[in-house]
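*Asks:* Next come the chains, spelled out residue by residue.
Number of protein chains: 2
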Amino acid sequence: MTGAKRKKKSVLWSKMHTPHCEDIRQWCRRRLPILEWAPQYNLKENLLPDTVSGIMLAVQQVTQGLAFAILSSVHPVFGLYGSLFPAIIYAIFGMGRHVATGTFALTSLISANAVERLVPQSSQNLTMQNNSSLLGLSDFEVQRIGVAAAVSFLGGVIQVAMFVLQLGSATFLLTEPVISAMTTGAATHVVTSQVKYLLGIKIPYISGPLGFFYIYAYVFENIKSVRLEALLLSLLSIVVLVLVKELNEQFKRKIKVVLPVDLVLIIAASFACYCTNMENTYGLEVVGHIPKGIPPPSIPPMNLLSAVVTEAFGVALVGYAASLALAQGSAKKFKYSVDDNQEFLAHGLSNVIPSFFYCIPSAAAMGRTAGLYSTGAKTQVACLISCIFILIVIYAIGPLLYWLPMCVLASIIVVGLKGMLIQFRDLKKYWNVDKIDWGIWVSTYIFTICFAANVGLLFGVACTIAILIGRFPRAKTLSIKNMKEMEFKVKTETDNESTHQVKIISINNPLVFLNVKKFHIDLKNIIQRENATNHLLDDISKCEQNTLLNSLSSGSYNEDASQPCLTEKWSLILDCSGLTFFDYSGVSMLVEVYTDCKDMNMDVSLASCPDSLIKAMKYCGNLDSERPIFFESVSAAISNIYSNKSSNKLTDHSEV
Amino acid sequence: MTGAKRKKKSVLWSKMHTPHCEDIRQWCRRRLPILEWAPQYNLKENLLPDTVSGIMLAVQQVTQGLAFAILSSVHPVFGLYGSLFPAIIYAIFGMGRHVATGTFALTSLISANAVERLVPQSSQNLTMQNNSSLLGLSDFEVQRIGVAAAVSFLGGVIQVAMFVLQLGSATFLLTEPVISAMTTGAATHVVTSQVKYLLGIKIPYISGPLGFFYIYAYVFENIKSVRLEALLLSLLSIVVLVLVKELNEQFKRKIKVVLPVDLVLIIAASFACYCTNMENTYGLEVVGHIPKGIPPPSIPPMNLLSAVVTEAFGVALVGYAASLALAQGSAKKFKYSVDDNQEFLAHGLSNVIPSFFYCIPSAAAMGRTAGLYSTGAKTQVACLISCIFILIVIYAIGPLLYWLPMCVLASIIVVGLKGMLIQFRDLKKYWNVDKIDWGIWVSTYIFTICFAANVGLLFGVACTIAILIGRFPRAKTLSIKNMKEMEFKVKTETDNESTHQVKIISINNPLVFLNVKKFHIDLKNIIQRENATNHLLDDISKCEQNTLLNSLSSGSYNEDASQPCLTEKWSLILDCSGLTFFDYSGVSMLVEVYTDCKDMNMDVSLASCPDSLIKAMKYCGNLDSERPIFFESVSAAISNIYSNKSSNKLTDHSEV
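Those protein sequences? They're chains L and S, same order as listed.
full-length UniProt numbering applies: residue 1 is where the first sequence begins, and numbers increase by one.
full-length UniProt numbering applies: residue 1 is where the second sequence begins, and numbers increase by one.
So that you can see chain L by itself, here it is in the shape it has in the complex (with noise of 0.2 Å):
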């Protein structure tokens, strides 16, 4: 290629791309929401509460990171991990402002079933000593985190698919009572799997269904190896914190910062099982050693993503359902707006990039939101701000965490889901309100309670939707239009008293398959009812005498004749301003009704019909050529009955 060609080319490249230009850099504003609210921050009126917000929040990811680590059956350390990376993540990609991505409590439960399953307990005794080059873990270790890091990678590129296939629009199916009922559910699972810390005693790993039976009934029957230090530690600290997190709540306009009972428990508590070697002489669980500093990132283990698809699918199901919620509450709360597509973007993205780096499936969690609200965070800055201090601790205090009693740990834990389990209040609201959403909700929670919450997540979006086509055809179709105001009879000006009655009905829903039945044998009521009020006790008689009289005369004249009889017939007017949308079997109905109508000599008109309708309906059935059926409105309807009657009368007169 010769010089002059290639400029030509680039040029005509350039010319090509450069209207692209604007387009590429808004897709990546939307795409990277960053740029769009990091240029315009603050800095005199936000930076002091995102960081107030940034160090409280550190505190909460650096105990929740511990704790849903071990629930995730990895090692704590990951767990620091999982707090830091993801939040830098979402921070750049996500559009909640008060979203605090990191380890969920949901999905580490979730993803322990795929470690325990693929690297059992059992196994630990056999490549125990072995310990490998990640900063002195065992061979375990690594394995276990390597299945959590499959799910979590598998999970994210799931979300990322869902964000490629625009299936973001499709979350109007997770109303709010499924996931309420779903995230009380799970937490009702996490204090459960709290539980063994809580009393100190040992158990093992119990999965499937109704495992969450099988816990508590193991509990009841080695109630004898409770160990009682660990019992009332659990308790001294449940009790501390409901009661300072109370005071908190209550004083909290007066005195502007409150206090940050986690931290101080924590310290409290690592302090007194230092000093009086907790460990050794009551025998109470410790955290134990936490390694310092990050290892390079590695890729997670390819071979078991097959392994993993039932624990990923759940990941980003319950992890983006649960962290959308949020997000849409404070979108909701502070004026703004979610794209629920860049959500699964963002959450994928916080779940993919970080399994690199050895981190555990993440997602928003309530409680650190919660505290977000409460500090006064305004931005994601808070967030970015909690990563440098949990880089602190993962550099330097992370191994003065060794003494951290486990049952302090599990205290805080089971007080931080307080948020999730108050949900139970709802079903009160849901009872009030409407019945059948508080029967989704319960048997949604049972489902999460006997199963898992993937399980219950999906149980809950059938029922709702199996529940809306059992309610749609019960439901009225169609309303009689301001009866007294519209329902007229049109006197004619011959001295023939016959009355033209008019009855107006307006269709109020979508006709569609599930309720053409019900439309159909609404119409026929009204129809039935109306002739059996007035043609049976007035006109048909009326009609009949007209005709005998008519047969006594001569023949030819008959067919003029009854035409007094044919006018006496009613009109009925269809309102289809309410008709949202239709399909095949609505067409036929209508036609359907049209026909019958014709056959009892009732005129049908249609007014303010769609155009696709009256193209369907054309086409469908065999419309009467001469009288006009589709008009306007219901107005341009009465109108043309009304002269369409005056012209009749007027042959008639001009005819005798």
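Treat the hints as calculated values from the structure; they're not laboratory data.
Don't take every hint at face value.
For chains that are exact copies, the list does not tell them apart, and a pair is met inside one copy or across any two.
Stated by the list, open to error - Straight-line C-alpha distance at most 27 Å; calculated DSS-like pairs for lysine-lysine:
1) K252 <-> K333
2) K517 <-> K245
3) K418 <-> K428
4) K224 <-> K429
5) K418 <-> K252
6) K518 <-> K435
7) K196 <-> K245
8) K196 <-> K615
9) K598 <-> K615
10) K332 <-> K503
11) K335 <-> K252
12) K517 <-> K435
13) K335 <-> K503
14) K598 <-> K335
15) K618 <-> K428
Following the hints, position chain S against chain L.
*Replies:* For chain S alone, kept in the frame of chain L given last:
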């Protein structure tokens, strides 16, 4: 127990149960429709057409019985039984007057799957020599009919269970496009299964996903082994059948009696085959030995039930779906009604009871029902009469069918499927009426072709629901009611020229999780548009002027002075008469709208709400207790706004 006591008790018993007797009789009559119509049977009018129809039906039943038994991979004689017993049972329990129950291509196709899986062709050689006691048939044949009978038994039990669960009301899920596509696809399968007889080549049994294409691939690979004699005879038969049926159709009105061309063809072909000894000379496949008589009943092999669950569900669903469509068609045509649940019972019993008599799964066939229409049958008596002729065939004529060439039988089957195959013409209709239903038709057809009829049916139903769910959130949710008439400005009596605008918006839909988001956005748009046009241009500036002026005057006057500013606000009336049902999401959205509007200084009134909505909203949101927001009708809401305004003005004046 003494005699007196017993007597007393029996009196008591009869007293308690006497009023129930009538109930039981009514229940029986509802469950045994034959008790309803048989006593009123009009011998004079109906017996002749029913007899003629019965004879013609018997011909169809015998040919289809033989062919569909072979399709089911069982001995042809069992098809004759399958044409006899289900017809009798359905006549007793069924409500469709033109529903000719008997062997059915689709259910045969499904049960063949079970037969070939559990008793494959390869096992024939092992047991061929051992003749069982049953009609001199081989053990192999007895095993095969055992499987088919087990499928029939379990399928019938499932149908009866669905009757008990009253699932007949869920049949609205089976929409016309789905049924049409599924039956067309299944008919394509049946044609494919007959190809080997039409061409006279031997094809191993092929099933499973994409089996359809493998069969044609096999045919094209072995195109050289086509037996020309069979092909020619098939072509001749098909041409004769199609031509004569066309002529019959055209001259039906003139000659009244149609030529039973199937019967003529069977006799002619059998006779020709016998005379020329085609079986040996040309190697043509014939039906073969058909034993005489009916064996004593026996219990279907219960140990096979668990192995045929899939097929049983397929038979139950597909058979019921296809039959119900025929029954409803007949009911629509002759203006009577069919109970969906009773049909479940009728078809369930016509599967369960005949399964004790070596019958293959049964259902109503479209070809036979069309035959009943064209020969002018009036009631199920035609089916009962056909049973007499089938009995004659079983006991006397059966063995003569030995010489019937399989290719002629296959031709009769293929031509008989015409009615199903021309449903392809529906495609054009769906395209014109609703593109989405067209898409459902095509995809259901493709699924049926690639997999099986039951898979296609389930896919179609799931697809229909999914599309409804997807369509709902996009549909129009509200309409501005009669803009010109209703949107009026209330001129105040004061010199202040402030205008009070009322906007009436009617909700046209159920407000559920699917469409609340759209509803909210639509409503917001209306409000914003309104604000943009009215307030910004005129009112707000005036309002600001007022407040400016007021702030210049004394502070104590401030609150009163802002009143004229408040009266500039406009009111929103939501007409809920079209709101058919709602769930928790709907209620919380309405409360949110109310709160938003209150924040924007707008009055919201809800007209003609159902009581449940009022209760739910009162519970859900902290509504304004000063101002009533629920009104019986739109006019009540308007007059309230008006009177409120004047009273406001009055208090204004009095204060000034």
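*Asks:* Each hint needs a verdict: does it hold in this structure or not?
*Replies:* Going through the hints against the structure:
no., hint, verdict
1, K252 <-> K333, "within (19 Å within a copy, 75 Å between copies)"
2, K517 <-> K245, "neither (57 Å within a copy, 36 Å between copies)"
3, K418 <-> K428, "within (18 Å within a copy, 60 Å between copies)"
4, K224 <-> K429, "neither (41 Å within a copy, 75 Å between copies)"
5, K418 <-> K252, "within (18 Å within a copy, 80 Å between copies)"
6, K518 <-> K435, "both (23 Å within a copy, 24 Å between copies)"
7, K196 <-> K245, "within (24 Å within a copy, 80 Å between copies)"
8, K196 <-> K615, "neither (68 Å within a copy, 45 Å between copies)"
9, K598 <-> K615, "within (20 Å within a copy, 43 Å between copies)"
10, K332 <-> K503, "between (45 Å within a copy, 26 Å between copies)"
11, K335 <-> K252, "within (24 Å within a copy, 74 Å between copies)"
12, K517 <-> K435, "both (26 Å within a copy, 22 Å between copies)"
13, K335 <-> K503, "between (47 Å within a copy, 25 Å between copies)"
14, K598 <-> K335, "between (55 Å within a copy, 16 Å between copies)"
15, K618 <-> K428, "between (51 Å within a copy, 14 Å between copies)"
Checked against the numbered hints listed earlier, the structure breaks hints 2, 4 and 8; every other hint is satisfied.
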